[in-house]
Amino acid sequence: MSRYPADFLHGTLDTLILKTLTGGPMHGYAIGRWIEEATDCGLALEEGTLYPALYRMEKRGWLDAEWGTSELGRRAKFYRLTRAGRQQLASHTAAWAAFSAAVNRALIKAV
Amino acid sequence: MAIRKRLRSLLWRVPIEQEVHEELAHHVEMRTQELIDRGIDPAEARVMARMRLENGKVEAVLTQLGRQRNNSWSRRDWIDELRQDLRFAWRQCVTRPGFTLAAALTLGLGIGATTAIFSVVHAVILKPYAYVDPDRVLLAFSMLRGNRGSWSVGNFEYFRQRLTSVEEFAADTGTSFNLSDNGEPERIFGGRTTWNYHRLFGIEPAYGRTFREDEDQPGRNKVVILSDRLWRRRFAADPSVVGRSIRINSEPHDVIGIMPPAMDQIGDAAEAWVPIAFTPAQLAMYDEFYLTAYVRQRKDVTRQQVRDEFVRIAQSLARDHPDLNAERSADVELMSDFFTGGYRTRLFVLLAAVSLVLVIACGNVANLLLARLAARSRELAIRAAVGAGRGRIVRQVLTESLLLAGFGGVAGLAIAWWTLPALMRLAPPGVPRLETAALNGTVLMAALGLVIASAIFVGLLPAWQATRRTTLTEDLGDGKGALSGSLKPWMRQLLIGAQAALVMIVLAGAALLVRSAINLQQEPIGFDTNGVLTARIALPAAQYGDPARARDAYRQVLDRVRSSPGVRFAALDSQAPLVGGGGSNGLLVEGVRDRIQSTSHFVTPGYFSVINNPLKAGRTFTDADIRQAEPVMIINETLARTAFGSADPIGKRIACCEGSPDQPHYKTVVGVVGDIKARGPAQPARPEFYLPLMQIPDVAWTWTGRSLVVLTRGEDVAMMTAAIRGAVKELDNTLPVFNIGTMDEGLRRILAEARFNTLLMSLLGSTGLVLAALGIYSVIAWLVSQRTREIGVRMALGASKHDVIRMMSLHGLKPVVAGLAIGFAGAIAATRLLQNQLFEIGPRDPITLAATAAVLLSVAASAAVIPAWRATTIDPSTALRE
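Those protein sequence lines, which keep their order, are chains A and W. Reading the first sequence from the start, the letters are residues 1 to 111 in this note's numbering. Reading the second sequence from the start, the letters are residues 1 to 882 in this note's numbering.
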């Protein structure tokens, strides 16, 4: 039986961001859009949620950032996964699978 | 990983505000574009995109988060860099173990010695005293013509009744007790104190209680308080001794309390206390000065107010009792200052000297480090070229010196741990609180401070050199350094110049102390200590209160000692030279009104031949000088001069010790003996007078406490000791014999302090000299190695060996001479601090200073010439090919 810390669900946003970046470096706007599309608009991210998450993850060393040029030809900050970020993604993905399976089992069970 | 992070933080430094602003601007633009693509009016699209940033709230939050992120990064980078620097420094140390060992030992020597001396200074001077509020506890002095003296009971009582600026005013007098219970009889040093003595210091008894006021009265004072020391030594630390009765001077006393160890640190060596219990007769005596007075001043008054009140009361005392107090005043001094005052300068001078040696040691290590950095100049240049800032390089060099200093600190603690006990063993007796010196927390903190200070001293010049851009670019061009760039030797010359100056100061101090010690050793003391044994006996009042019995007892003891094997001469004296104790009396020369204060000796015939004190005029005492015969006196030359000037003193009459000013009891001077230095060679001879023991008035037996010193001369100390012990035992086997020792030992003990200071200063001076010589040697050797090619050229062009030696050694000698000049001035200023430790030599003695400079210069010259001479062995053809 696994244990889940209180901010486990909160950490799912981080995990989604990490997942997004497995495709290669992206700027903040693109990350937000990708998550919206990938969840079929199930998750619309506010800027006030997305960017603080990015800065926190940068501080924890899961993301690295550097300046690059965007599709519009403008200077933009591109985020990239670090090795620590990859490890975080792997462990959280496994934990999420176990968690959602457990929740699903409970939800389909007849009361 | 760490390096990538560092590069990122170095190269990618955009202010956080700009970073956030640009990132969000880009975001807004992207969204606007998207909205336009969906067909929304551009102006409206921009407004909509902007709205999602919540009026700048997002920007503010991000700026804050970004700032935290940057702080965390720079902390992590700093730690990474430190770890890197340490790893690098460690590798440097490990790959050159010889260098590391030399540096660590050099610094360890300095740090260890300084730490050891500091722990002594801390224990004796800096550590707060054990009693409560030490800054309110004073000693009070009865002043006679500006000299501090003891108190008479009458004067003490007069002040006690009038003082208002003090909380407590107490007195004690040191005395000896014959302690006997069920164990061996023992002579201990004790105190007779007023009842409030312990209360004044604020130290609570460990068991029992202190004196009550009503116990401080004649007849009710048969109570005793034990010191922690005595309690442990004699009573096995048994608390139940409180309430028991023990015999002191053959009288039973109830033990009412036991003091904690803190009381043993007060300053005197008392092991037990009894109430002093002044009799009404004593309270009316104003002319016998033997009390020490203690003051606890009130919280709300200043020291000056206390002093003023003492002076005021002294003036009123002088009006009320003008006969003895007309010329007396009173003064107070902080008790802790009084006890440590004499050691304060001495110990701080020592601490200063040892710190100078540490600085000299740092100079050597700095020199080594400079040489090593010069060898690494290419590496440093590359570091600078790839973007390491000045601060970064300074930090790296300082980390290296900190690591070296850390090794030095470890070595130093080991050295201090080993030297401190030796220091305490060798130290002269009587240094207050010395036995409490230890490597405690404060001392360890000081040692840590020394390590950091040494690291800075050692690393600063090298670090500065390492960052000079000219050096760096030049070094990139030519790794060998050639003739310019890192070769500029002025920094290292500055170091050896400074070392020379410091050594000059320490050596000059040492030389002065050595000469002073020689002077002391050679100073005639006026008597012969060789083969003389002394021991003290005291007869308790209970059995020997009658002077006739005391006289008989001593006669018996002396006769038995004289006839014992191994004893050639024997005599008695109330206070023998170098032994101490005894008293003095005011003498009235016939026809003169002023009294002369003079040390008293009550001696048996033959005394002068025991210690070989020469008779200068007249006769010595004989067995015929008894109470019934004509009263006679022998005086020393100083007293003869003081009393009679150049007139012949034989036959003159002096009153003392009995009678009164109106009816003087005159004694005729029958002999003059040579002056003796009874308190050791450093103290001037005092006026002294001698009376035949069998002729002294009965009251004099009470003054001496029926305690006399037995002196014997012979070859074998063990036989003489046995003779004295045997004689006393035969008389009364409860009587202890104490303070047995040879006069040679006594003299050594008195000279111990001078010898100790001389030894330490000489050790420090020679250590400094050796370190400085090593420094000079290494600088010249390094210069020679750097200039091999140039020397080869010069020799190929015809320079003689002599020229080369001169050229090279002058590089070392010029700064030394400059340093010497500065050191000479420094020595003249600093040796003043030694003034009161010097005997018959001035602190600026020109011969000593000149000789010191000459020694230093010749050592420096040899240290410089040896490597310079080696340069001449260079083969020009080899040197040129290199």
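These are calculated hints, taken from the structure and not from any lab test. Keep in mind that this is a model prediction, so the values were computed, not measured. Hints are supplied without guarantee of correctness; some may be wrong.
[Stated by the list, open to error] Listed next, with one range per pair, are the computed distances between beta-carbon atoms: (1) A:Gly-11 with W:Trp-464: 47 to 53 Å; (2) A:Val-111 with W:Asp-41: 48 to 54 Å; (3) A:Ala-38 with W:Pro-15: 32 to 38 Å.
Beta carbons are placed, not taken as given, at the ideal position from N, Cα and C, and that holds for glycine.
Going through the hints against the structure:
no., hint, verdict
1, A:Gly-11 with W:Trp-464: 47 to 53 Å, "holds (51 Å)"
2, A:Val-111 with W:Asp-41: 48 to 54 Å, "holds (53 Å)"
3, A:Ala-38 with W:Pro-15: 32 to 38 Å, "holds (34 Å)"
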